[in-house]
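Enquirer: Chain by chain, the residues run as shown.
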Amino acid sequence: AQTVTQSQPEMSVQEAETVTLSCTYDTSESDYYLFWYKQPPSRQMILVIRQEAYKQQNATENRFSVNFQKAAKSFSLKISDSQLGDAAMYFCAYRQTRGGSQGNLIFGKGTKLSVKP
Amino acid sequence: DTAVSQTPKYLVTQMGNDKSIKCEQNLGHDTMYWYKQDSKKFLKIMFSYNNKELIINETVPNRFSPKSPDKAHLNLHINSLELGDSAVYFCASSLPGQLNSPLHFGNGTRLTVT
Chain F
289 AQTVTQSQPE MSVQEAETVT LSCTYDTSES DYYLFWYKQP PSRQMILVIR QEAYKQQNAT
349 ENRFSVNFQK AAKSFSLKIS DSQLGDAAMY FCAYRQTRGG SQGNLIFGKG TKLSVKP
Chain P
-1 DTAVSQTPKY LVTQMGNDKS IKCEQNLGHD TMYWYKQDSK KFLKIMFSYN NKELIINETV
59 PNRFSPKSPD KAHLNLHINS LELGDSAVYF CASSLPGQLN SPLHFGNGTR LTVT
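In the order they appear, the protein sequences are chains F and P. Read in order, the letters of the first sequence correspond to residues 289 to 405 in the numbering used here. Read in order, the letters of the second sequence correspond to residues -1 to 112 in the numbering used here.
Any given hint could turn out to be false.
Calculated lysine-lysine pairs in the DSSO-like style (CA-CA distance at most 30 Å, straight line) [to be verified]:
| # | chain 1 | residue 1 | chain 2 | residue 2 |
| --- | --- | --- | --- | --- |
| 1 | P | 34 | F | 358 |
| 2 | P | 69 | P | 7 |
| 3 | P | 42 | P | 65 |
| 4 | F | 400 | P | 38 |
| 5 | F | 400 | F | 366 |
| 6 | P | 39 | F | 361 |
| 7 | F | 366 | P | 42 |
| 8 | F | 397 | P | 20 |
| 9 | P | 69 | P | 20 |
| 10 | F | 358 | P | 38 |
| 11 | P | 20 | P | 7 |
| 12 | F | 343 | P | 42 |
| 13 | P | 42 | F | 400 |
| 14 | P | 34 | F | 400 |
| 15 | P | 39 | F | 404 |
| 16 | F | 366 | P | 38 |
| 17 | P | 7 | P | 17 |
Since the hints were derived computationally from the structure, they do not count as laboratory data.
Full structure from sequences and hints, please.
Expert: Written as structure tokens, this is what we have:
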């Protein structure tokens, strides 16, 4: 069964600086999809960025980028020029592509990011 | 223009009661989900429906019963509520077969059982 591990329960970054959140996963599949979601105190689940496993190029969305290392099964999120509004829980998620649970998102336990002014 | 809406936002009830949470999406998606987020913020799938048909049913007590009257709605009914049912429940939807497309989540329903 696939698993997703976020080894940093909490992280802190100074405003305007860069922070990297770690995520590793375990799978025997070769084709899959990875996502980062943000959950601010409002509880809303907001998509930050996505990555297709067959693409070698790392996904980028404005200040957010990923470092996708398929062989190492690593999918870290880099936030550049951190802003106060980036403070939230960040969840890494793996989307199942096969089997009875196809389409399901498997989440890591999350990393709580604090941004210091 | 809310995409995935859940009602109620908060639900406080006593043990033993029966309650329902409603979910509606206006994105035209065929697939809908229920996720449970526990007190440690861990999110886990409970159910998934595709075009009103149940396709994922994780190990969830029989007291939880999803109902999909049409592909835009997926409601969650919970019988005989227990203290351990206290959590945030999220509804989500997605396009079927397009696994690179994200799940769109509702804003969650915080259920508190006293």
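Enquirer: Within 30 Å, alpha carbon to alpha carbon, are residue 42(P) and residue 65(P)?
Expert: 19 Å, holds
Enquirer: Given the proposed pairing of residue 42(P) with residue 400(F), does the C-alpha separation stay at or below 30 Å?
Expert: 18 Å, holds
Enquirer: Hint check: residue 366(F) vs residue 42(P), CA-CA at most 30 Å. Holds or violated?
Expert: Answer holds: residue 366(F) to residue 42(P) is near 25 Å, not above 30 Å.
Enquirer: What's the verdict on residue 34(P) and residue 358(F), does the C-alpha distance respect the 30 Å limit or exceed it?
Expert: At roughly 29 Å apart (the allowed maximum being 30 Å), residue 358(F) and residue 34(P) satisfy the hint.
Enquirer: When you check the alpha-carbon spacing of residue 39(P) and residue 404(F), does it fall within 30 Å?
Expert: Satisfied, since the Cα-Cα distance of roughly 22 Å is no more than 30 Å.
Enquirer: Measure nothing beyond the straight line between the CA atoms of residue 400(F) and residue 38(P); if it is 30 Å or shorter, mark the hint as holding.
Expert: Holds. Residue 400(F) to residue 38(P) sits at ~11 Å (cutoff 30 Å).
Enquirer: Hint check: residue 397(F) vs residue 20(P), CA-CA at most 30 Å. Holds or violated?
Expert: Answer holds: residue 397(F) to residue 20(P) is near 26 Å, not above 30 Å.
Enquirer: Taking 30 Å as the top limit, are the C-alpha atoms of residue 69(P) and residue 20(P) close enough?
Expert: 13 Å, holds
Enquirer: Mind checking the alpha carbons of residue 34(P) and residue 400(F) for me, to see if they're no more than 30 Å apart?
Expert: 19 Å, holds
Enquirer: For the pair supplied as a hint, residue 69(P) and residue 7(P), confirm whether the alpha-carbon distance does not exceed 30 Å.
Expert: 22 Å, holds
Enquirer: If you draw a straight line from the CA of residue 358(F) to the CA of residue 38(P), is it 30 Å or shorter?
Expert: Within the cut-off at roughly 29 Å; holds.
Enquirer: Below or equal to 30 Å on CA atoms is what counts here, so check residue 7(P) against residue 17(P).
Expert: 13 Å, holds
Of the numbered hints given earlier, the model fails none.
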